[in-house]
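**Student:** What follows is each chain in one-letter form.
2 protein chains.
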Amino acid sequence: MTVTKQTAQVTALAGGTVVTPKGFQAAGVHAGLHHSKKDIGVIVCDVPASAAAVYTQSHFQAAPLKVTQASLAVEQKLRAVIVNSSCANACTGEQGLRDAYEMRDLCAKQFGFAPHYVAVASTGVIGEHLPMEKIRAGIEKLAPGAMIANAEAFQTAILTTDTVMKHACYETKVDGKTVIVGGAAKGSGMIHPNMATMLAFITTDANISSPVLQAALRSITDVSFNQITVDGDTSTNDMVVVMASGLAGNDELTPDHPDWENFYEALRKTCEDLAKQIAKDGEGATKLIEVRVHGAKTDDEAKKIAKQIVGSNLVKTAVYGADANWGRIIGAIGYADADVDPANVDVAIGPIVMLKGSEPQPFSEEEAVAYLQNDMIVIDVDLHLGDGFGIAWGCDLTYDYVKINASYRT
Amino acid sequence: MTVTKQTAQVTALAGGTVVTPKGFQAAGVHAGLHHSKKDIGVIVCDVPASAAAVYTQSHFQAAPLKVTQASLAVEQKLRAVIVNSSCANACTGEQGLRDAYEMRDLCAKQFGFAPHYVAVASTGVIGEHLPMEKIRAGIEKLAPGAMIANAEAFQTAILTTDTVMKHACYETKVDGKTVIVGGAAKGSGMIHPNMATMLAFITTDANISSPVLQAALRSITDVSFNQITVDGDTSTNDMVVVMASGLAGNDELTPDHPDWENFYEALRKTCEDLAKQIAKDGEGATKLIEVRVHGAKTDDEAKKIAKQIVGSNLVKTAVYGADANWGRIIGAIGYADADVDPANVDVAIGPIVMLKGSEPQPFSEEEAVAYLQNDMIVIDVDLHLGDGFGIAWGCDLTYDYVKINASYRT
Numbered sequence: 000m001t002v003t004k005q006t007a008q009v010t011a012l013a014g015g016t017v018v019t020p021k022g023f024q025a026a027g028v029h030a031g032l033h034h035s036k037k038d039i040g041v042i043v044c045d046v047p048a049s050a051a052a053v054y055t056q057s058h059f060q061a062a063p064l065k066v067t068q069a070s071l072a073v074e075q076k077l078r079a080v081i082v083n084s085s086c087a088n089a090c091t092g093e094q095g096l097r098d099a100y101e102m103r104d105l106c107a108k109q110f111g112f113a114p115h116y117v118a119v120a121s122t123g124v125i126g127e128h129l130p131m132e133k134i135r136a137g138i139e140k141l142a143p144g145a146m147i148a149n150a151e152a153f154q155t156a157i158l159t160t161d162t163v164m165k166h167a168c169y170e171t172k173v174d175g176k177t178v179i180v181g182g183a184a185k186g187s188g189m190i191h192p193n194m195a196t197m198l199a200f201i202t203t204d205a206n207i208s209s210p211v212l213q214a215a216l217r218s219i220t221d222v223s224f225n226q227i228t229v230d231g232d233t234s235t236n237d238m239v240v241v242m243a244s245g246l247a248g249n250d251e252l253t254p255d256h257p258d259w260e261n262f263y264e265a266l267r268k269t270c271e272d273l274a275k276q277i278a279k280d281g282e283g284a285t286k287l288i289e290v291r292v293h294g295a296k297t298d299d300e301a302k303k304i305a306k307q308i309v310g311s312n313l314v315k316t317a318v319y320g321a322d323a324n325w326g327r328i329i330g331a332i333g334y335a336d337a338d339v340d341p342a343n344v345d346v347a348i349g350p351i352v353m354l355k356g357s358e359p360q361p362f363s364e365e366e367a368v369a370y371l372q373n374d375m376i377v378i379d380v381d382l383h384l385g386d387g388f389g390i391a392w393g394c395d396l397t398y399d400y401v402k403i404n405a406s407y408r409t
Numbered sequence: 000m001t002v003t004k005q006t007a008q009v010t011a012l013a014g015g016t017v018v019t020p021k022g023f024q025a026a027g028v029h030a031g032l033h034h035s036k037k038d039i040g041v042i043v044c045d046v047p048a049s050a051a052a053v054y055t056q057s058h059f060q061a062a063p064l065k066v067t068q069a070s071l072a073v074e075q076k077l078r079a080v081i082v083n084s085s086c087a088n089a090c091t092g093e094q095g096l097r098d099a100y101e102m103r104d105l106c107a108k109q110f111g112f113a114p115h116y117v118a119v120a121s122t123g124v125i126g127e128h129l130p131m132e133k134i135r136a137g138i139e140k141l142a143p144g145a146m147i148a149n150a151e152a153f154q155t156a157i158l159t160t161d162t163v164m165k166h167a168c169y170e171t172k173v174d175g176k177t178v179i180v181g182g183a184a185k186g187s188g189m190i191h192p193n194m195a196t197m198l199a200f201i202t203t204d205a206n207i208s209s210p211v212l213q214a215a216l217r218s219i220t221d222v223s224f225n226q227i228t229v230d231g232d233t234s235t236n237d238m239v240v241v242m243a244s245g246l247a248g249n250d251e252l253t254p255d256h257p258d259w260e261n262f263y264e265a266l267r268k269t270c271e272d273l274a275k276q277i278a279k280d281g282e283g284a285t286k287l288i289e290v291r292v293h294g295a296k297t298d299d300e301a302k303k304i305a306k307q308i309v310g311s312n313l314v315k316t317a318v319y320g321a322d323a324n325w326g327r328i329i330g331a332i333g334y335a336d337a338d339v340d341p342a343n344v345d346v347a348i349g350p351i352v353m354l355k356g357s358e359p360q361p362f363s364e365e366e367a368v369a370y371l372q373n374d375m376i377v378i379d380v381d382l383h384l385g386d387g388f389g390i391a392w393g394c395d396l397t398y399d400y401v402k403i404n405a406s407y408r409t
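Sequence lines, in order, name chains C and E. Heads up, the first sequence is in numbering that gives the first Met the number 0, so the first residue is 0 and it goes up one at a time. Heads up, the second sequence is in numbering that gives the first Met the number 0, so the first residue is 0 and it goes up one at a time.
Hints are computed from structural coordinates only; laboratory data are not their basis. Where hints are given, some of them may not hold.
One copy or two, it doesn't matter: identical chains are merged, so the pair holds either way.
[Unchecked claim] Derived lysine to aspartate or glutamate pairs resembling EDC-like cross-links, with alpha carbons at most 20 Å apart:
| id | residue 1 | residue 2 |
| --- | --- | --- |
| 1 | 402 | 74 |
| 2 | 65 | 358 |
| 3 | 108 | 139 |
| 4 | 76 | 399 |
| 5 | 65 | 340 |
| 6 | 76 | 251 |
| 7 | 355 | 127 |
It should be emphasised that the depicted structure is a prediction, and the values quoted were computed from it without experimental measurement.
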């Protein structure tokens with residue numbers, strides 16, 4: 000399930016969305032859960048799609064995640080995923096579970112699918128029940144289409160306090176056929192008063208079985224969605240769902256397929272692209288931070304350290320303040336549960352080397368401040384212990400983060 | 000090494016300091032490391048004191064910690080601890096280590112002690128060398144005395160951006176003799192541009208051996224200093240040092256001594272008191288948050304969950320905004336690496352129960368907002384899984400935290 004990136008041929012499709020791969024339609028409507036914004040969305044597949052999903056590691060998995068797991072347990076195929084924003088349907092007990100099942104069944108009925116072909120996702124306030132009258136009326140209004148406008152309606156319907164829509168699309172070749180992966184996501188925005196839920200919905204027309212898709216998704220999630228952090232909190236509702244229509248007409252993809260790397264890379268790029276968009280749109284954020292850790296004992300340790308650095312409030316505020324404070328980076332490396340040789344660490348912020356072999360290097364504060372004015376900041380760390388490599392993404396910590404999160408729910 | 004608190008007889012001494020226990024003197028002077036504040040301090044013991052210390056878990060232990068460990072390795076006794084603020088002497092390589100040894104030796108010479116009787120601590124900027132001319136001149140100015148004014152000079156000399164001095168003192172009886180524990184600490188303030196270093200210095204006139212003192216300190220650190228968090232970062236310089244003069248004249252304390260619990264509790268209260276003062280003085284903080292987790296499988300899991308809750312940026316901003324947002328508490332419990340039954344959790348903020356058996360409870364928003372105006376906020380969580388109990392302390396996350404930490408070093 001590894002990939003040699005050098006050989007993969009993948010092209011970004013700037014305007015692509017979840018309806019760009021063959022066989023998918025989408026829609027988004029305003030059902031009145033939110034006072035003005037679209038708040039219910041659906042992606043529909045023309046055929047039963049191979050499907051895969053990953054879920055939050057929280058002990059408190061919200062009701063829609065349980066329903067989605069129940070749907071996938073039947074035959075790991077999906078025709079639709081139905082999503083609402085404004086209400087997370089989390090910590091809502093038995094009633095919440097009944098509501099999530101009803102939401103699934105209403106969607107299945109609306110489009111004439113068996114209920115287990117429908118996945119459900121929610122994001123918004125915790126501890127409140129879904130307003131089922133509005134959900135019922137909203138689902139009846141859904142009329143999916145395969146146009147960009149429909150994809151945009153879907154992208155909008157899933158947002159909470161996100162400031163921008165998040166979508167990505169990549170194209171590759173498998174058996175000479177064009178295979179496309181498209182995605183939409185929301186995240187790091189927050190409905191008063193709740194947690195930053197991350198949702199991502201990915202479509203592809205690749206021909207691939209559900210188990211192979213599931214394994215690829217899991218491995219890719221570990222280097223994309225699981226490597227972003229806005230405030231270190233994990234939501235009750237986080238979920239990533241992938242549907243593969245198979246309509247590209249390629250021979251079935253497995254890791255042994257000669258073009259496996261092309262597909263894997265297209266899926267990985269789509270996930271990484273969405274993950275970075277989520278990190279960049281962190282609450283109150285003004286900058287995307289990318290931390291790359293080289294030379295760790297293992298990739299896992301590199302990923303862990305990268306995430307620790309990008310999650311440090313002290314690093315995040317320093318980046319916000321354009322302060323070339325490598326001491327805080329050392330601080331974050333210092334408490335990582337990973338092998339570190341304190342006598343041989345390099346740290347660079349952008350092109351500026353600040354620590355080499357653990358010795359502070361002279362650098363121009365002016366140059367450093369100028370670099371830190373960019374809206375993407377790269378931090379490179381080399382541990383000189385092995386070949387382990389990992390990246391993580393996050394954002395700066397600003398006054399607006401506090402403002403957004405300290406405001407009264409009422 | 001456990002203690003039944005019910006039987007321990009301990010009295011707080013409001014004006015007590017590190018010089019209240021018999022045999023200790025202190026001093027603090029302005030050596031010019033800081034532009035105006037006192038910046039070098041010393042505690043001296045009239046006799047070789049039994050000594051114990053705990054150190055940061057960071058991979059990057061600063062030079063003074065290495066020197067202190069070398070001193071204690073000789074016979075686990077101390078006559079003095081010398082401390083400077085403004086410069087952490089961390090990430091300073093071989094030169095830094097030489098400087099820390101010189102600082103130790105200068106102190107030893109000033110007071111006529113063997114060098115291994117001196118511990119060294121530093122806090123301040125990372126990656127810069129100690130200004131040794133100033134250190135040398137400063138140490139020559141040190142003239143310790145056993146008055147409160149001297150203790151206050153010491154308390155001031157160790158501060159960085161702390162807004163208040165931190166001290167605590169508790170008295171108890173051992174063999175009918177009065178035994179006193181006193182302490183001073185700094186923490187969570189931050190010299191531009193560095194990490195929040197926590198330093199604590201504890202004195203007692205109890206008669207106790209170094210190994211027994213070390214075991215007690217380690218066990219108490221786990222439920223006091225290790226249970227506070229301001230921003231989750233661990234400093235390169237964190238250290239707690241205890242010195243016991245033995246001048247109270249009690250029979251040597253061991254866990255089998257009939258009054259062991261009195262002494263243990265006096266030491267524990269001193270550490271907890273200092274830890275809470277540090278948490279409350281977190282950068283930009285307006286409120287102390289105490290999280291108590293009941294009913295976990297083990298004390299360790301309870302402590303872990305309590306610290307996770309109190310460390311959550313989302314919980315911290317909600318407390319700042321007086322937002323009774325129990326969903327964020329659930330969020331923080333949800334990602335804890337501990338056993339949780341998601342169907343049976345209680346959450347209360349102060350006297351107001353918000354979740355019972357994982358079912359949201361109706362409550363008055365007005366009452367909740369009124370409670371959240373207090374300057375100490377208590378959050379109680381019951382997991383209903385066992386007898387595990389743990390407390391952690393932290394503070395709210397405010398605009399001022401961002402302001403303090405985002406400002407340019409230059």
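**Student:** Hint by hint, which ones does this structure get wrong, listed from lowest number up?
**Tutor:** Of the numbered hints, 1 and 4 do not hold.
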